[in-house]
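K.L.:
Chains as they are written, first to last, in our numbering: chain A, 1 to 112; chain B, 1 to 115.
If you're looking for bench data, these hints aren't it; they were derived computationally from the structure.
Note that this is a predicted model, so its numbers are computed, not measured.
Incorrect hints may have been included.
[As the list claims (entries may be wrong)] Capping the alpha-carbon separation at 30 Å, the derived lysine-lysine pairs in DSS-like fashion look like this:
#1 A:K5 x B:K17
#2 A:K5 x A:K99
#3 A:K71 x B:K17
#4 A:K71 x B:K57
#5 A:K68 x A:K54
#6 A:K99 x B:K17
#7 A:K71 x A:K5
#8 A:K5 x A:K68
#9 A:K99 x B:K57
What follows is each chain in one-letter form.
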Amino acid sequence: DQQVKQNSPSLSVQEGRISILNCDYTNSMFDYFLWYKKYPAEGPTFLISISSIKDKNEDGRFTVFLNKSAKHLSLHIVPSQPGDSAVYFCAATFLGNEKLTFGTGTRLTIIP
Amino acid sequence: GAGVSQSPSNKVTEKGKDVELRCDPISGHTALYWYRQSLGQGLEFLIYFQGNSAPDKSGLPSDRFSAERTGGSVSTLTIQRTQQEDSAVYLCASSLTGVGTDTQYFGPGTRLTVL
Chain A
1 DQQVKQNSPS LSVQEGRISI LNCDYTNSMF DYFLWYKKYP AEGPTFLISI
51 SSIKDKNEDG RFTVFLNKSA KHLSLHIVPS QPGDSAVYFC AATFLGNEKL
101 TFGTGTRLTI IP
Chain B
1 GAGVSQSPSN KVTEKGKDVE LRCDPISGHT ALYWYRQSLG QGLEFLIYFQ
51 GNSAPDKSGL PSDRFSAERT GGSVSTLTIQ RTQQEDSAVY LCASSLTGVG
101 TDTQYFGPGT RLTVL
């Protein structure tokens, strides 16, 4: 049972445009959400997070939006840069649960 | 400072053999996690350590899998009698305190191939 879903395995975006990566979850207990970025042959690196008490969190070019009623979150990258080409994983957890539950990832390709 | 390191980076083994994977967490991090990523899948939680004890082993897929952590630092994941379905990238992560909102820092992973 996939509790965190990333339904788009891949996405291509022109350099300078906005990249939007989507994630859906089913477990209502999740109250903390994260995005990780992964380059080939490297481990995932933390990008940005959001608590369920917020609906938006921004960090430079990266913004995460959370819609609790729809159990949906999205990561916006603007403007997209070639170095953003990577696999992006959405993850979720809740207070008292130390492990992260990950989605299957979306491969983002930025076209120069 | 040094990040999380894992060894070996690649391991090819024959079905039925035992393998040991090693993780060196960031110095001072009390929490350590093992995940694995099979082809086309997301990261799957295996086990969590707080210090030397493992309060959550719920993700270990079978009794062929075991892990230990000594001295609150290095951890080894052992897979006995490996099967082809064990082929995956095994990732280790550590965090400062283990609280759910604490950032987990990942190592580069060990790619295990079982022939």
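K.L.:
Sort out which numbered hints this structure fails and list those numbers smallest first.
P.N.:
1 and 3
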